[in-house]
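Undergrad: Chain by chain, the residues:
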Amino acid sequence: MNKYNYLKKLHYKILRIRKIELEISKRYSEQKMRCPVHLSIGQESVPVSICENLKKTDEIVTAHRSHAHYLAKGGNLKKMIAELHGKITGCALGRGGSMHLIDNSVNVNAAVPIVGSTIPIGVGKAWANKLKKNNNIVVIFFGDGATEEGVFLESLDFAALHKLKVLFVCENNKYSVYSRLDKRQNSNRKIYRIANSIGVKSLKLKDHDLLNVYKKSKNIINKIRTNDMPFLLEVDTYRLLEHCGPNDDDELFYRPKKEIINWKKNCQVEKYNKFLLRNRILTKKRLLEINENIFKEIDNAFEFSYKSKFPGKEYVYKHVYKKDL
Amino acid sequence: MKREINFSESIKEALEQTLARDKSVIIMGLGVDDPKGVFGTTLNIHKKYRKNVYDLPTSENSFTGFGLGLAISNFKPVIVHQRVEFSLLSIEQIFNQIAKWNYMSGGKVNVPMVIRLIIGKGWGQGPQHSQSLESIFAHIPGLKVVSPSNANDAKGMLISSIKDPDPVIFFEHRWLHAIKDQVPKKYYLTKINKAKIIKKGKDISVISFSYALIECLRAVKFLKKMNINCELIDLRCLRPIDKKTIINSVKKTKKVLIVDNGWTTNGISAEVSSIINENINNKIIVRRIGVYNVPIPSTPSLAKYCYPDDVSITENIIKILKKKISKKIMPQRRKNLDQPDSNFKGPF
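These protein sequence lines map, in sequence, to chains A and B. Note that numbering that gives the first Met the number 0 has the first sequence beginning at 0, numbered continuously upward. Note that numbering that gives the first Met the number 0 has the second sequence beginning at 0, numbered continuously upward.
These are calculated hints, taken from the structure and not from any lab test. Small disclaimer: the values here were computed from a predicted structure and weren't measured. Any given hint might turn out to be false.
[As the list claims (entries may be wrong)] Straight-line C-alpha distance at most 25 Å; calculated PhoX-like pairs for lysine-lysine:
| no. | chain 1 | residue 1 | chain 2 | residue 2 |
| --- | --- | --- | --- | --- |
| 1 | A | Lys321 | B | Lys162 |
| 2 | A | Lys129 | B | Lys46 |
| 3 | B | Lys99 | A | Lys321 |
| 4 | B | Lys107 | A | Lys54 |
| 5 | A | Lys317 | B | Lys107 |
| 6 | B | Lys223 | A | Lys322 |
| 7 | A | Lys321 | B | Lys107 |
| 8 | B | Lys99 | B | Lys223 |
| 9 | A | Lys203 | A | Lys295 |
| 10 | B | Lys327 | A | Lys321 |
| 11 | B | Lys195 | B | Lys254 |
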């Protein structure tokens with residue numbers, strides 16, 4: 000069974016993140032998580048499979064839809080749920096909320112909602128790694144919208160120029176909020192080709208298959224580590240819920256029905272549930288146990304958060320500067 | 000005699016002496032290693048510190064983000080823009096990211112970083128090479144903003160800014176670069192939260208900063224001859240502003256002229272005026288002057304009206320004090336107001 004261990008691990012991770020996101024979606028109406036949430040449901044496979052190939056010392060930076068990245072890299076669940084509730088026990092003492100999840104202990108180093116803005120920050124971190132002569136890789140996660148920003152092109156240039164160990168990961172879900180890609184980019188503008196033309200090697204995957212992204216990114220990450228070079232991986236993926244919030248928004252009809260149905264059929268959690276059962280890598284009983292354990296963990300995290308305190312007034316002015324003025 | 004060097008030499012000395020002690024300092028900006036070396040301030044530093052000086056692609060917003068990435072990875076970047084206006088391309092990184100990083104990480108990740116911004120004036124710099132934008136940076140919590148007016152402060156304050164754990168916006172006025180002052184050879188720190196009383200006096204407080212302070216100095220020297228004793232305060236630090244020094248002085252003199260280095264509307268002078276009004280109950284006369292509230296035209300025939308100079312400052316002080324000085328002895332406006340001094344022959 001050992002040869003399937005990595006597959007079981009991948010499956011466990013994606014299942015866990017899906018359950019966490021579903022629980023956030025379910026409990027959002029309690030009105031206790033008083034911040035915008037951009038749920039990763041549908042898009043979990045890319046962060047899960049890429050982060051599985053990283054070392055703890057490797058770093059990631061991400062954007063507004065970052066729950067999956069944070070968790071996949073090993074971010075603390077309790078601290079994340081508490082952060083969403085604005086509690087003092089949150090990973091940023093409640094000041095960041097869903098859009099600023101960071102956990103330096105596992106090198107989730109940045110998450111911001113200004114589209115594209117962590118791309119140069121990640122490149123700066125990779126530059127720091129080069130100056131320090133360590134072998135760490137920085138993975139920068141962003142969406143198709145971010146590739147329309149100047150910083151995307153500028154950052155590719157600098158990474159290529161200085162041969163930085165960066166993996167640019169474009170999760171192309173075809174929509175920037177409600178705006179479809181073909182309304183924003185010329186059909187001849189291929190994101191992965193832009194990278195190529197600037198001097199950054201790239202690969203495009205038209206499907207977000209968990210195992211395939213894992214295998215392809217494993218090779219890419221090895222190449223980056225041994226050859227001192229940046230790389231861009233573009234993967235087509237799909238968010239199943241609304242851009243921001245706990246529900247789906249299919250009633251707005253900005254996405255074709257058929258497209259939604261096709262991507263729902265391509266759900267990586269269900270696909271690998273079935274795959275593992277069919278190939279007897281997991282038994283039904285074991286899968287139920289796993290589900291049960293994940294549920295307990297999530298429930299504990301919410302309980303932890305509910306019991307945690309809000310930061311008091313004395314925190315308002317704290318940390319504007321390293322030492323309070 | 001004590002050694003004298005000019006402002007740009009003292010900036011360079013601060014950078015070199017910091018680099019000698021701290022290899023985590025990274026000097027970066029367009030042209031930092033070119034044959035002019037940012038008005039001499041970074042000239043040839045790269046020859047000795049090859050791994051600490053980086054010319055960059057023309058990508059201001061991104062390279063400010065690279066700087067942030069370095070700063071949160073145990074480096075101390077010192078970014079420079081040859082004119083303030085170029086930094087406007089990087090406002091996103093400065094305001095949204097750099098200024099907020101420490102706060103939004105719950106105090107876990109601070110940003111030790113300096114951004115040097117050079118203000119232009121005269122010689123037809125025109126609308127986009129002559130803005131004094133201190134107040135928009137000083138508006139943002141999380142940033143520290145300093146603006147030394149002489150070579151001595153420039154060195155000590157730059158060293159302090161680089162050592163500071165927070166992001167510091169370091170304003171340099173191009174017209175200060177050539178002015179000499181006594182500057183110790185040794186490595187020294189000057190606080191970046193204190194104003195400085197340049198001249199003591201009891202008749203009126205004159206509060207200014209950056210190049211505008213040089214014009215104030217001329218006015219104050221003239222008025223001294225007329226037996227008018229101004230207390231001249233160099234703010235030096237624009238965020239945080241040293242309220243105590245201002246309040247103590249104004250309590251004594253009861254009269255204030257604030258000479259802004261930039262536009263008055265919503266400017267630093269507006270802030271200083273508020274500080275005075277909020278902290279002193281006695282009747283105080285507060286007046287302010289500054290750059291005309293227009294874009295600065297390139298032609299010297301119009302630009303000369305736009306800035307306060309020693310003459311307009313003198314006139315305003317006399318008016319506040321209700322004194323009269325005969326026109327014959329009043330200082331005359333300098334002839335070439337578009338040159339910092341007669342040695343300056345352009346172009347930039």
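Undergrad: Indicate, hint by hint, whether the structure satisfies it.
TA: Comparing the hints with the structure gives:
no., hint, in the structure
1, A:Lys321 x B:Lys162, "holds, 12 Å"
2, A:Lys129 x B:Lys46, "holds, 20 Å"
3, B:Lys99 x A:Lys321, "holds, 11 Å"
4, B:Lys107 x A:Lys54, "holds, 22 Å"
5, A:Lys317 x B:Lys107, "holds, 12 Å"
6, B:Lys223 x A:Lys322, "violated, 42 Å"
7, A:Lys321 x B:Lys107, "holds, 9 Å"
8, B:Lys99 x B:Lys223, "violated, 46 Å"
9, A:Lys203 x A:Lys295, "violated, 38 Å"
10, B:Lys327 x A:Lys321, "violated, 55 Å"
11, B:Lys195 x B:Lys254, "holds, 18 Å"
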